[in-house]
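Asks: Residue-level listing of the chains:
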Amino acid sequence: MADQVIEFDNVSFAYGAVPVLSNVSFSIERNHSVCIVGPNGGGKSTLIKLILGLLEPDEGKVTILGGDPDDGRSQIGYMPQYIRYDQSFPVSVMDVALMGRIGKSAKIFYSQKDKNATMAALEGMGVADLANRPFNDLSGGQRQRVLIARAMACDPELLLLDEPTANVDPAVESQLHHILKELTERITVITVSHDLGFVSRLVDRVICVNRYVRIHPTSDITGEVIQDIYGGDIKMVRHDHCCSEEGHSHDRIF
Amino acid sequence: MIEFFNALQDPNIPFLRQALIAGLLASFAFGIIGSYVVVKRITYIAGAISHCVLGGIGAALYLQYHAGLAWLTPLIGAIFAALLAALVIGLVSIYSKEREDSVIGALWVVGMATGIMLIAKTPGYVDPMSYLFGNILMITSQDLWIITALDVIVISLGILFYNRMLALCFDEEFARLRGINTRLYYLLLLCLTALTIVLMVRIVGIVMVIALFTLPAATAGNIGGRLWQMMAIATLLSMFCVTGGLAVSYQADLPTGATIVLLAGVLYLLVVVGAGLKKKMTKI
Numbered sequence: 001m002a003d004q005v006i007e008f009d010n011v012s013f014a015y016g017a018v019p020v021l022s023n024v025s026f027s028i029e030r031n032h033s034v035c036i037v038g039p040n041g042g043g044k045s046t047l048i049k050l051i052l053g054l055l056e057p058d059e060g061k062v063t064i065l066g067g068d069p070d071d072g073r074s075q076i077g078y079m080p081q082y083i084r085y086d087q088s089f090p091v092s093v094m095d096v097a098l099m100g101r102i103g104k105s106a107k108i109f110y111s112q113k114d115k116n117a118t119m120a121a122l123e124g125m126g127v128a129d130l131a132n133r134p135f136n137d138l139s140g141g142q143r144q145r146v147l148i149a150r151a152m153a154c155d156p157e158l159l160l161l162d163e164p165t166a167n168v169d170p171a172v173e174s175q176l177h178h179i180l181k182e183l184t185e186r187i188t189v190i191t192v193s194h195d196l197g198f199v200s201r202l203v204d205r206v207i208c209v210n211r212y213v214r215i216h217p218t219s220d221i222t223g224e225v226i227q228d229i230y231g232g233d234i235k236m237v238r239h240d241h242c243c244s245e246e247g248h249s250h251d252r253i254f
Numbered sequence: 001m002i003e004f005f006n007a008l009q010d011p012n013i014p015f016l017r018q019a020l021i022a023g024l025l026a027s028f029a030f031g032i033i034g035s036y037v038v039v040k041r042i043t044y045i046a047g048a049i050s051h052c053v054l055g056g057i058g059a060a061l062y063l064q065y066h067a068g069l070a071w072l073t074p075l076i077g078a079i080f081a082a083l084l085a086a087l088v089i090g091l092v093s094i095y096s097k098e099r100e101d102s103v104i105g106a107l108w109v110v111g112m113a114t115g116i117m118l119i120a121k122t123p124g125y126v127d128p129m130s131y132l133f134g135n136i137l138m139i140t141s142q143d144l145w146i147i148t149a150l151d152v153i154v155i156s157l158g159i160l161f162y163n164r165m166l167a168l169c170f171d172e173e174f175a176r177l178r179g180i181n182t183r184l185y186y187l188l189l190l191c192l193t194a195l196t197i198v199l200m201v202r203i204v205g206i207v208m209v210i211a212l213f214t215l216p217a218a219t220a221g222n223i224g225g226r227l228w229q230m231m232a233i234a235t236l237l238s239m240f241c242v243t244g245g246l247a248v249s250y251q252a253d254l255p256t257g258a259t260i261v262l263l264a265g266v267l268y269l270l271v272v273v274g275a276g277l278k279k280k281m282t283k284i
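Respectively, the protein sequence lines represent chains A and B. Positions 1 to 254 (the UniProt record's numbering) are the ones given, in order, by the first sequence. Positions 1 to 284 (the UniProt record's numbering) are the ones given, in order, by the second sequence.
Since the hints were derived computationally from the structure, they do not count as laboratory data. All C-beta atoms in this analysis are idealised placements derived from N, C-alpha and C, irrespective of residue type, glycine included. Watch out, some of these pointers could steer you wrong.
Stated by the list, open to error - Straight-line distance between alpha carbons at most 30 Å, and here's what the computed DSS-like set of lysine-lysine pairs gives: (1) B:Lys40 x A:Lys115; (2) A:Lys181 x A:Lys107; (3) B:Lys97 x A:Lys61; (4) A:Lys181 x A:Lys49; (5) A:Lys115 x A:Lys49; (6) B:Lys97 x A:Lys113; (7) A:Lys107 x A:Lys49; (8) B:Lys278 x B:Lys40; (9) A:Lys104 x A:Lys61; (10) B:Lys40 x B:Lys279; (11) B:Lys121 x B:Lys40; (12) B:Lys40 x A:Lys49; (13) A:Lys107 x B:Lys97; (14) A:Lys181 x A:Lys113; (15) A:Lys115 x A:Lys61; (16) B:Lys280 x B:Lys40; (17) A:Lys115 x A:Lys104; (18) A:Lys49 x B:Lys279; (19) A:Lys61 x A:Lys113; (20) A:Lys104 x B:Lys40; (21) A:Lys49 x A:Lys61.
Said to hold, decoys possible - The following label-pair restraints were derived from C-beta to C-beta distances: (22) B:Lys280 x A:Leu54: 28 to 36 Å; (23) B:Ala106 x A:Gly66: 43 to 51 Å; (24) B:Gly124 x A:Lys107: 52 to 60 Å; (25) A:His178 x B:Glu98: 42 to 50 Å; (26) A:Arg214 x B:Arg41: 39 to 47 Å.
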C-alpha cells in the first residue's frame with residue numbers, strides 16, 4: 001500500500017498554447033483530506049482530470065495510489081459537479097447508485113454483493129429509503145447525496161468530490177458537512193470547492209490552484225493568501241469567529 | 001377486422017402474414033434499441049443511418065445487375081450501408097474535430113443521392129418510392145430469415161449489455177471512469193441502431209422508419225419509470241402499431257408504412273397531452 005495517495009511530480013499541462021498548470025509538484029498522503037480551491041479557469045478541473053487520468057500531462061508524472069492514473073481510477077470514487085443528463089431519463093435511485101459498482105465486479109449483471117454494497121452506500125448517505133424512487137423526482141440535495149453514494153459504492157480508497165455544495169441550500173449544506181466529516185475519518189477525501197468556509201474545518205490542507213499550485217495548512221489561510229490565490233481584492237465576510245489551536249482564522253469567503 | 005384475420009390465414013396472400021411476423025419480431029429490437037437511442041438523444045444519427053440505407057440498396061441493385069452478384073440482395077446491401085454509416089458517424093464523433101452535425105447531415109443526403117443515382121443507372125423497373133416509403137409486397141421469405149437472425153443478435157446484445165449501456169447513456173464520463181470502454185460501447189450502440197433500422201425498412205420505408213424507432217420509445221418514456229420498463233412498453237406499443245397499421249391499411253386500402261407511422265404518432269400525441277394534463281391536475 002502506497003502512503004502517497006496522489007503524487008504530482010513537476011507536472012505541466014497546456015491546452016494548445018495556453019498553459020493551464022505549470023511545474024506542479026505536490027503529494028497527498030493517505031487519510032489526509034484536502035480541499036482544492038482556486039478561481040474559475042485557474043486549472044481546478046484540469047487538475048482533477050489529470051488525477052482521474054482523463055488527461056495526460058505534457059510534462060512530469062502523475063502517480064495515483066502508487067501507479068498509473070488509468071489503473072488507479074477504479075479505486076477513486078468520483079462525484080462530478082454536473083451531470084449532463086436528460087431531465088426525463090427513466091432511471092431509479094438504485095440504478096444510478098449501482099453504476100458505481102461497474103468495474104468493481106467484471107460481471108455483465110450486478111450480483112447480490114453489488115446490490116448490498118450499493119444499499120450500504122445509500123444508507124450511509126441517509127437516502128436508502130429513496131432507492132426505488134425515480135432519480136428525477138428527488139430534490140437537489142437528495143440527488144447530491146445519491147451521487148456521493150454512487151461514488152462510495154465501490155468502496156473507494158479516495159473520494160473526489162467536485163463542488164459538493166454547488167446546487168444545495170444551507171440546510172442541505174450542513175447535512176453534507178456532517179456526512180463528509182464522517183467520511184474524512186475513514187478515507188481520503190478531496191473536495192473541490194469555491195467555498196472555503198465549508199471545508200476549512202474538514203480538511204488539514206488547502207491546495208490552491210491558479211496555474212501554479214500552492215499548499216497551505218488550513219490555519220494559514222488569511223486575507224493575504226486569498227488575495228494571492230484569486231489575484232485581486234476579495235470581499236471577505238467574517239462569518240464566524242473562532243480561535244483554534246493554531247490561532248485565529250477567517251472562515252468564510254464570499 | 002375479421003377480414004384482416006381471414007386474410008392473414010389466406011395461403012394466396014403470404015405477404016401480409018410475412019409482414020406481420022417481420023413487424024412483430026422487429027418490435028422487440030425497436031423497443032430495446034429505440035429506448036437507448038431516445039434516452040441517449042441520438043435520434044438524428046438514426047435518421048442519417050436510415051437514409052444511407054438507400055445508398056446500400058442502390059449499390060446492391062447496381063452490382064446485382066452489372067457485376068452479376070446474385071447474392072447481393074437489397075437487404076444485404078442495406079445491412080452493409082447501415083453498418084458503414086454507423087461506423088463513419090461514430091468514428092467522426094469520437095476522433096474528428098469536424099462538427100458532428102455537419103457530418104451527419106452530409107452523410108444523410110450523400111447516402112440517399114448515391115442510392116438514387118445507382119438505382120437510375122440500373123436497367124429494369126425499380127421504384128425508389130417503395131424503398132423510401134415501404135412496400136410489404138417486397139418481403140421475401142429469405143428476407144424473413146435474415147430479419148429473424150438480425151433480430152436475435154440485436155436483442156441479445158441489447159439485453160446483455162443493459163447495465164453498461166444504461167451507464168453510458170446516463171453519464172458517459174462516469175461510465176468511462178468506472179472502466180467501461182465508452183467509445184467501443186458507443187460504436188456498438190450505433191451498429192445495433194443500424195441493424196435495427198434495417199429490420200423495418202421493408203415495411204415502413206427509409207424515410208419513416210425513424211418514426212417507428214423513436215415514437216414508441218418516446219411514448220413509453222412518459223409511462224415507464226425505469227429504462228427496462230420503457231423498453232417493454234415501447235415493444236408492446238410498436239407491436240400494437242404494426243398490427244393495427246397493417247389491419248387498417250389492409251381494410252381501408254391505405255399505404256401500410258404511413259398508416260403504421262401515423263398510428264404511432266397519434267399514440268405519442270395522446271400520451272404527451274395526457275401526461276401534461278395529469279401534471280396540471282396534480283398541481284391544482
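Asks: If a hint holds in the structure, say so; if it does not, say that too.
Replies: Each hint tested on the structure:
1. B:Lys40 x A:Lys115: holds, 25 Å
2. A:Lys181 x A:Lys107: violated, 33 Å
3. B:Lys97 x A:Lys61: holds, 28 Å
4. A:Lys181 x A:Lys49: holds, 25 Å
5. A:Lys115 x A:Lys49: holds, 29 Å
6. B:Lys97 x A:Lys113: violated, 42 Å
7. A:Lys107 x A:Lys49: Status holds; Cα separation ~27 Å.
8. B:Lys278 x B:Lys40: Holds: lysine 278 of chain B and lysine 40 of chain B sit about 26 Å apart, inside 30 Å.
9. A:Lys104 x A:Lys61: holds, 26 Å
10. B:Lys40 x B:Lys279: holds, 24 Å
11. B:Lys121 x B:Lys40: Between lysine 121 of chain B and lysine 40 of chain B the Cα gap is close to 39 Å, so the pair fails against 30 Å, i.e. violated.
12. B:Lys40 x A:Lys49: OK: lysine 40 of chain B and lysine 49 of chain A at ~24 Å, within 30 Å.
13. A:Lys107 x B:Lys97: Outside the cut-off at roughly 35 Å; violated.
14. A:Lys181 x A:Lys113: holds, 27 Å
15. A:Lys115 x A:Lys61: violated, 37 Å
16. B:Lys280 x B:Lys40: holds, 27 Å
17. A:Lys115 x A:Lys104: Holds. Lysine 115 of chain A to lysine 104 of chain A sits at ~12 Å (cutoff 30 Å).
18. A:Lys49 x B:Lys279: violated, 40 Å
19. A:Lys61 x A:Lys113: The given pair, whose Cα atoms are some 36 Å apart, is violated under the 30 Å limit.
20. A:Lys104 x B:Lys40: holds, 24 Å
21. A:Lys49 x A:Lys61: holds, 14 Å
22. B:Lys280 x A:Leu54: 28 to 36 Å: The hint (28 to 36 Å, Cβ to Cβ) is violated, given that lysine 280 of chain B and leucine 54 of chain A are roughly 43 Å apart.
23. B:Ala106 x A:Gly66: 43 to 51 Å: Taking Cβ atoms as reference, alanine 106 of chain B and glycine 66 of chain A lie about 48 Å apart, which means the hint holds.
24. B:Gly124 x A:Lys107: 52 to 60 Å: Given about 53 Å between the Cβ atoms, the range holds.
25. A:His178 x B:Glu98: 42 to 50 Å: At 49 Å between Cβs, range holds.
26. A:Arg214 x B:Arg41: 39 to 47 Å: With a Cβ separation near 42 Å, arginine 214 of chain A and arginine 41 of chain B satisfy 39 to 47 Å, so the hint holds.
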